[in-house]
Structures are given as structure tokens and as C-alpha cells.
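Peer 1: Chain by chain, the residues:
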Amino acid sequence: MELSILTVSYLIGSVTFIIGLKMLSNPATARNGNLLAAAGMAIAIVGTIFLYEEDGKKLGNYLWIFGGILVGGVIGTLAAKRVKMTAMPEMVSMFNGMGGACAALISAVEFDHLYHAYNTIDTAWLADFVPAGMYLTIIAGAIIGSVSFAGSMIAWGKLSGKIKDFSFRGQHIVNLLVLLLVLAAAVFTYQYNVGLSLILFYTTVALALIYGVLFVMPIGGADMPVVISLLNSFTGVAAACGGFLYNNKVMLTGGILVGAAGTLLTILMCKAMNRSLKNVLIGSFGGSSAAAAGKKDQGSYKEITLSDTAVVMSYANKVMIVPGYGLAVAQAQHACHELEKLLESKGVEVKYAIHPVAGRMPGHMNVLLAEADVSYDKLLEMEQANDEFTTTDVVLVLGANDVVNPAAKTDPASPIYGMPILDVELAKNVIVNKRSMKPGYAGIENDLFFQPRTSMLFGDAKKVLQDLIGEIKNL
Amino acid sequence: MEAILNWIADNQQMIYIVILMIFVGIEVIGHVPSVLHTPLMSGANAIHGVVIIGAIIVMGKAEPHNYVALVLGFLAVVLGTLNVVGGFVVTDRMLEMFKGKGKKNLKSQDPRSK
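Taken in order, these protein sequences are the chains called A and B.
So the first sequence is residues 23 to 497, counted in this note's numbering.
So the second sequence is residues 1340 to 1453, counted in this note's numbering.
The hints are simulated quantities; they were obtained by calculation from the structure and are not laboratory data.
Careful: at least some of the hints might be erroneous.
Unchecked claim - Okay, the calculated bits of chain B under chain A, using three or more residues with CB under 8 Å as the criterion:
1) 1345-1358
2) 1373-1386
Claimed, not checked - Per label pair, the in silico range of CB-to-CB distance:
3) B:I1354 <-> A:L100: 36 to 46 Å
4) B:A1348 <-> A:Y214: 20 to 30 Å
5) B:D1349 <-> A:L299: 49 to 59 Å
Stated by the list, open to error - Going by beta-carbon spacing under 7 Å, a handful of chain B positions derived as facing chain A:
6) M1340
7) I1361
8) G1364
9) V1389
10) I1395
11) V1407
12) A1408
13) V1410
14) G1419
15) G1426
16) V1429
17) D1431
18) M1433
Glycine included, every Cβ here is placed at the ideal spot set by N, Cα and C.
If we strip away everything but chain B, and leave its shape as in the complex, we get (with noise of 0.2 Å):
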């Protein structure tokens, strides 16, 4: 019990974000269109790839002949950006299309295409 109480009391600060987090979480996307259940579903998929820090502060702690962290912290940091990179550009392709579709219609309206 009092180590359970320790620990809140060394992470407060911690623990504060969690809380505001929880709550911005749901307030941000409250009101989200079911057409950008996908997308959003998508980059919020990107945004978790932020474990990459963890897996670069992994990597770079390694020592040169722990083999064990090196293989491990190397693919969790291939993983990690993996998770990111991919997850930004498959968010991105999805809502070009979105746009893409906007300037067509300014396209049309273009006399000189006509």
C-alpha cells in the first residue's frame, strides 16, 4: 500500500497528464463525421508511433556487446518507424483524395476546360 502511494506521489506529475490526456483525447475528436472514422482512425494509428522514442533511447543506450539489446532496440526502432512512416502516408493518401476530389470540382468550373 504505502509503495503504491509512494509511487503516485514520485509520478504526480505523471499521472496529471494521463488524467488531462484521457479527457482532450475524447473532447478532440467528440464530434468527428462517421465519413472520418477512417482517416482519423488512421493518423491517430501514426500518432501512437511515438513508442519510436522509446525504441531510439533503447537503441542508443545499448552497450556495443549487449547483442541482445542491439538486435532488440534495432527492430523495435525498424518497427517504430515503420508505425510512423507508414501510418502518416496511408493517413495522407486517404484524405488526398478527399482534396483531390475539391479541385476537380474547381476544375470544372474552369471555364477553359470546358
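With the rest of the complex left out, here is chain A (with noise of 0.2 Å):
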């Protein structure tokens, strides 16, 4: 009985696993569609500490687990309530490694078990006692969850500043090395005496974690999104491992299910920046930009002060805000929106130009200007903003840079050449915010910048959004 009502626990699990994810992809349901899984995560939680029984013996250390889910629910709860929207996209990479830890730990366990019921024998092989299917279900928990931990957390450290990006000639080839000694380690961990097999399995670990790391060092700041999802997806097959070594439906269930999407999700990710997956993870950035950036000089660019900006802004019909990283890095969001209003007081349209992958991550500018409540209607994606920036007189650009670099459209010799770009040119006056000449993540120039109809405006977004509002105001 007790056991029937898990069986039925877990497959509500499943099943609000399946039903949230589809709501989540539809921005009228969403919301509901995450408390819905939620709640399904939650039956799942209680009946497995309730009801679970293994060889008709239930589970114990109800303290030591309360205390786990206390401590894990409270640290989890503030981190994620206290943590700014602009830093939300460090954030899941961070939850996202403690899946991927939690994955490792359990194969951990598991295999000091294992390590410990059959350590008698010192020339025997771990192969000799343990069926191939139930090491493999281990080790490559053991092995994606500890890649999925180590690369979340220097995809972690990059997107807060930390951690600076870091490659070296020939990384690929080390990179690979090091994947083979991982394999090799996990193979040699089973095929060879049981008495050196606990050191071997950490060996595999240790080798595994070293791999996260190279594998994300050279990936450059603006494609960590695209890493998350992915290293997202690889938490999930390490999930769905303990799924198969526990014959647990409801962990299989969520951690393939996650690992499909995510893997989808990863590839769409990319196609809205216009570029391949292998164009990211091996990253042709790297050493063409460096050729590239010292290949011209553009000549001069012309700076604009506030006051003319304001002036220009206040007098015009049309104003277009390019938001970008910079507005995010500078959160200037509230500033931006209150420069809106102002704006709009004085009769001038005002509306937003998001790209596709303006800010940290896809869809993030959406979330951020809707935080600082402007009108959803405002919001105009690329193609309807490209459509109006003929009849514009202003646009703004805030901190926004390959995104506006028309490189995209003209070189191609870019590296970011044949990405969809906001066509800001078209417009009568482009004022450019940003904090000073250095390139864009692309690490390319902006012809833009150097372009007649082009002014630069340099500063911190936030505190020029201020200075602009105040001289606006006085006019």
C-alpha cells in the first residue's frame, strides 16, 4: 500500500515535470507552469522520505536529512530572494552546480559502498563482483555530475567578474588529453584490484573536475549563457544516472527530460545569436580577434556632452533604447525607465529595441525592464525595431555594442558576421553610452561608433541616465 501511494507520488512528479516545462515555454502560463513543478518536486520530496523502503527496510536519519533539507532550503531560499536581477544568470549557474555536486556526492557513496563489501580480496577486480551496468550508472554520475560542478563554477566566477578568461595555445588538445585520462581512470577504476579502486574512483573525480574547469576557462563572457544551458543539461543525465542505480522513475523522468531540453534549449540559445554550438565551445574569438582589432584604424569618433543630449532627446519625435549588457552590468533599468516617463511628458515616443540576446542572456532585458515596470508594449523585438528606425529621430544606445555592430552585416571577415544586428545607422542620431572605447565581448571595433551620425556619450549608464534625466528636467 504504502509503496503503491510512491509509485503514484512519483508519477505525479513525472508528470508536473512534463506539464510545468510545457507551461514555462508560453509567457502566459509560466509562472504557474514553475509552481506546478514545484509543487510536483515537493509530493516527490516527502513521499521518498516518508515512503521509500529498500528490501522492506525504511529510511533512516530523519535528522540528519530535516537538517540537510533546512539547512539546503534556507541558504537556497535568501540566496535566491536576496540576489539582484542582473545577477540572476550567476545564480542558476550556481544552483545549477550544486545539482551537479549533489550527483557526484551520490555515486560518491555509493561507490565506497561497493568499495567496502568487496575490499577482501586484493587481486580480485571490482569487475569480478559488480554488474557492468550498475558501475557504469555510477561513474558517469560520478564523472557529469563533477564536470557539471566544476564548469558551473567558473561559469559562475566569469559572470561575477571573478574569474578572467583563460586559454592557452593548444587547449583543445589538452582538453581532450585530460577527457581520455577521465575515461581511462573510470575504466581502470573497475578493471583492475578492488584495493586500488577507491583511490582510482577519485582519481576519475579529481580528473573530472579538472576537466570543467578547461573545458569552460576559454569560453568567453557573453557565451556563458549558452555553457549554463548546456552544463544544465549534463546536471540533468547526471540525475537521470541515480534514476537507473536507484531504479527511481521520477529522477530518470526529470533528469532526461531536463537533459533534452536543456540540449534544445542550448541550440536555440545559439541560433538566436546566429552561431553554432561548436563555434561557441571551441570559440573562434579567441585568436582572429585580436588580428582583427588592430587590423584598421577608423579614424575619429565624436563625443556629445549632456546637455546636447538632452536637448537632442527632448526636442525629438521618436526616441529607440538600445539597452544592452551595459545597462544590466550598471542597473540602470529604474534610471532608464524614469527617463522614459520623462521623455514621454514632453510628447516625445519612446519605445525599447531588444535584441534577441541584448544583456547577459537571452530574454534577459525583458525580465530587467519589466522589473523597472515598463509598459511590455513598449518592448519591440528586432525585426519591428528595425522596421521603425527610419522614422526615428534618436536612438539610444546603452551599453550595448556587437549587438548594434554592423560588422555583423558588411565584414566577413567578423567573427560575429551574419548575426542578425538592430539596424541603429538608420536613424537620424545615434548617441552611444558606454564607459569608454574598449570593444564589445566580441572583442571586435564598432564602425558605429565612428560612423558621421554617431555620438559617443561616455560614462557609467546608471549615472549618466541620472545626469540626462536632471538636465532634461532644467531645460
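Fit chain to chain and form the complex, with the hints in mind.
Peer 2: Here is the structure:
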């Protein structure tokens, strides 16, 4: 009876995951979808704690279990509630890493059991006792979980600016070698003296951690969302390994579902940036960018003062704001909304042009601007926005760079060639706010800045916007 | 070879689930608009937190004197919970903004707020 209830609770869990994910991919139902999946998860977890039994024995150590859930729950809730909207991506990466580490730890404990059960005859192999399928699920969970954990931590560090990009010549060969070493260690763990298998197991885990670090290290910060999405699907597969190990259907469905959906999402994200996954992972940016940057001297750019900007903007008919990474970093979304309201009160039509990959992650700008109460119908998608630039008087580019770089259309040698961009140069005036003339994430110069209709307004996006609001009020 | 075939035969239910779930996973999010990429990724991230169930099983099975299992299992439960709870809360916070804006629109149409 109790086991049947557990089975039903797992069934409910699996179905809510599928429906939840389906609802998450539609704006109208997304929030409820998330809550539904959370409810299903809660049912599956409670069911496991109280109803799970193995060989007729219930689970013990309730104090440890509830203690762990309490600690994790409190830290998780606080971290998730406190994190700034702009830091969301690295938070997701962090949580993803925790899931990966969890999967690896489960494998470690299970392996420890095996080792102690069979470490009696020195010359025997682990393969003599343990079925290959079982070993495979344990070691796969350990390897994939470790790679996901280490990779996610590096991604987190990169997004929060703690870790710089790092690559060296021949890195791909080194990575491949490390991966081969991981697999070799995994094979030796199984087919070698049992006595040594524990050391070999931890060697496998350590090598997998190193591989995770090396895998993410050379990938540029702008591509981190894609990497996080990929690691997300890795963790899904690691969770599914646990499902195989315990013959647990809800872990299997949840894990594989995320593994498949995460892989597709990774590909969709790449498509939104018009790049291939291979391109992201192997990174064509590194070597070619230095050459491209130094190739030609683009001449001079012109600067504009705050008061001129204020005049130009308040006497315009239509202003288009192009928000980007710089706005996210400076947390300028509220100031941006304030500027929008002020201009509207002066009769200026204000709209936002949102590039699909503006900000730190696809869809990130929409979330940020929504946080600042910007009305949804003011946000134009790229195609709509491109139709309207010809009738726009002033385009204000706030910390966006690569998504407005005309090289994507004109220069086949450019690493971002072929990426769809916002055609801001069609507008009568373009004002670009950046912190400096430094190139964007792609590491390439932007011709836009040197065009006659473009003027540069240097400074931190938030400060500039606040000063600009003050100037306009004083007009 | 025989071992592999036996393993497949022993686990055929699970293998069916894997294959079907791969198709479901791809089908279910196939038409997601790019606006929702971030929340969807975050939601999927929370769902793979289902690995917590494995952690609970490991923890619950640990013998009282096996400190390796107790400590590693405890850590696994903490990290798994972090993944689940943090994941769902973060996703909810992101999606809340989409919704909050809808309410604001209603309010501005409300004559009393003018």
C-alpha cells in the first residue's frame, strides 16, 4: 500500500515536470508552470522521505535528512530572494553546480559502499563482483556531475567578474587528453585490483573536475549563457544516472527531460545569436579578434555633452532606446524607465529595441525592464524595431555593442558576421553610451561609433541617465 | 557483448523511459519564444534538482557509523535542496516580473488610480 502511494507520488512528480516545462515555454502560463513543477517536486520528495523502502527497510537518519533540507532550503531561499536581477544568470549557474555536485556525491557514497563490500581479496577486480551496468551509472553520475559542478563554478566566477578568460595554445588538445585520462581512470577503477579502486575512483573524479574547469575556461563571458544551458542539461543526465541506479522513475524522467530540453534550449540560444554550438565551444573569437582589432584605424569619433543630449532627445519626435549589457551591469533599468516617462511627458514617443541576446542571457533585458515597470508594448523585438529605425530621430544605445555592430552585415571576416543586428545607423541620430571605447565581448571594433551620425556619451549607464534626467528637467 | 544485451533486457522499462523522455523534452519546449529562454533554463535547472531524491535515499540508508556516507550524504542533501529550492524561487522571481507588469497595466486603466 505505502509503496503504491510512493509510486503514485513519483508519477505525479513526473507528469508535473512535463506539464510544468510545457507551461514554462509560454509567457502566459510560465509562472504557474514553475509552481506546478515545484509542487510535484515537493510531493516526490515528501513521498521519498516517508514511504521509500529498500528490501523492506525504511529510511533512517531523519535528523540528518531534515537538517540537510533545512540548511539547504534556508540558504537557497535567501540567496534566491536576495540576488539582484542583474546577477540572475550567475545564480542559476551556481544552483546548477550544486545539483551536479549532489549527483557526484551520491555516486561517491554508493561507490564507497561497493568498495567496502568487496575489498576483501586483493587480486580481484571490481568487475568480478559488480555488474557493468551498475558501475556505469555510478561512474557516469560521478563524472558528469563533477564536470557540471566545476564548469558551473567557473561560469559563475566569469559572470560575476571574479575569473578572467584564460586560454593557451593547444588547449583543445590538452582538454581532449584530460578527457581521455578521465575515461582511462574510470576503466581502471573497474578493471583493476579492488584494493586500489577507491583511489582510482577519486582520481577519476579529480580529473573530471579538472576537465570541467578547462572546458569552460577559454569560453568568453558573452557565451556563458549557452555554456550554462549546456551544463544544465549535463546535470540533468547526471540526475538520470541516479534514476538508473535506484530504479527511480521520477529521477529518470526529470533528469532526461531536462537533459533533452536543455540541449535543445542550448541550440536555440545559439541560433538566436546566429552561431553554432561548435563555434561557441571551440571559440573562434580568441585568436582572430586580436588581428581584426589591430587591422585598421577607423578614424575618429565624436563626443557629445550631456546638455546637448538632453536637448536632442527632448526635441525629438521618436526616441528608441537600445539597452544592452552595460545597462544590466550598471543596474540602470529604473533610471531608464524614469527617462522614458520624462520624455513621454514632453510628448516624445519612446520605445525600446530589444535584441534577442541583449544583456547577459537571451530574454534578460525583458526581465530587467519588466522589473522597472516598463510597459510590455513599448518593447519591440528586433524585426519590428528594424522597421521603425528609419522614422526614429534619436537612438540611445545604452551599453550595447556587438548587437548594433554593422560589421555583422558588412564584414565577412568579422567573427560576428551573419548575426542579425539592430540597424540603428538608419536613424537620424545615434547616441552611444559606453564606459569607454573598449570593444565589447566579441573583442572587435565597432564601425558604428565612427559614423558621422553617431556621437559618444561616455560614462556609467546609470549615472549618465540620472544626469541626463536632471538636464532635461532643467531645460 | 552478452553483458550489454542482458543489461538492456533487465532495464528495458528504464530505457523506454529515456527514449520517450528525450522526445518529450524536445517537443515540449520546441516553440519557446526567446524572451523566455532565461526563465525556462532556470526552471529546467530547478527540475533536475530531482537528484535530491537520490541524496535522500543515500542519506537514509547510511549506517550510523559510516561517517563517509553520513557526511557525504548530508552534503548531497544540502546541495540538492539548494538546487531545488533556489532554482524554483529564482525562476518564480523572474516570472513574477512578467506578471507584475500585467497588474500594473490593469491598475493604470483603473479610473481610481488616475
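Peer 1: So, for every hint listed, does it hold in this structure?
Peer 2: Quick rundown of the hints versus the structure:
{"no.": "1", "hint": "1345-1358", "in the structure": "holds (count 6)"}
{"no.": "2", "hint": "1373-1386", "in the structure": "holds (count 14)"}
{"no.": "3", "hint": "B:I1354 <-> A:L100: 36 to 46 Å", "in the structure": "holds (41 Å)"}
{"no.": "4", "hint": "B:A1348 <-> A:Y214: 20 to 30 Å", "in the structure": "holds (28 Å)"}
{"no.": "5", "hint": "B:D1349 <-> A:L299: 49 to 59 Å", "in the structure": "violated (34 Å)"}
{"no.": "6", "hint": "M1340", "in the structure": "violated (11 Å)"}
{"no.": "7", "hint": "I1361", "in the structure": "holds (4 Å)"}
{"no.": "8", "hint": "G1364", "in the structure": "holds (3 Å)"}
{"no.": "9", "hint": "V1389", "in the structure": "holds (4 Å)"}
{"no.": "10", "hint": "I1395", "in the structure": "holds (5 Å)"}
{"no.": "11", "hint": "V1407", "in the structure": "holds (5 Å)"}
{"no.": "12", "hint": "A1408", "in the structure": "holds (5 Å)"}
{"no.": "13", "hint": "V1410", "in the structure": "violated (9 Å)"}
{"no.": "14", "hint": "G1419", "in the structure": "holds (4 Å)"}
{"no.": "15", "hint": "G1426", "in the structure": "holds (5 Å)"}
{"no.": "16", "hint": "V1429", "in the structure": "holds (4 Å)"}
{"no.": "17", "hint": "D1431", "in the structure": "holds (6 Å)"}
{"no.": "18", "hint": "M1433", "in the structure": "holds (5 Å)"}
Going through the hint list in order, the structure does not satisfy hints 5, 6, 13.
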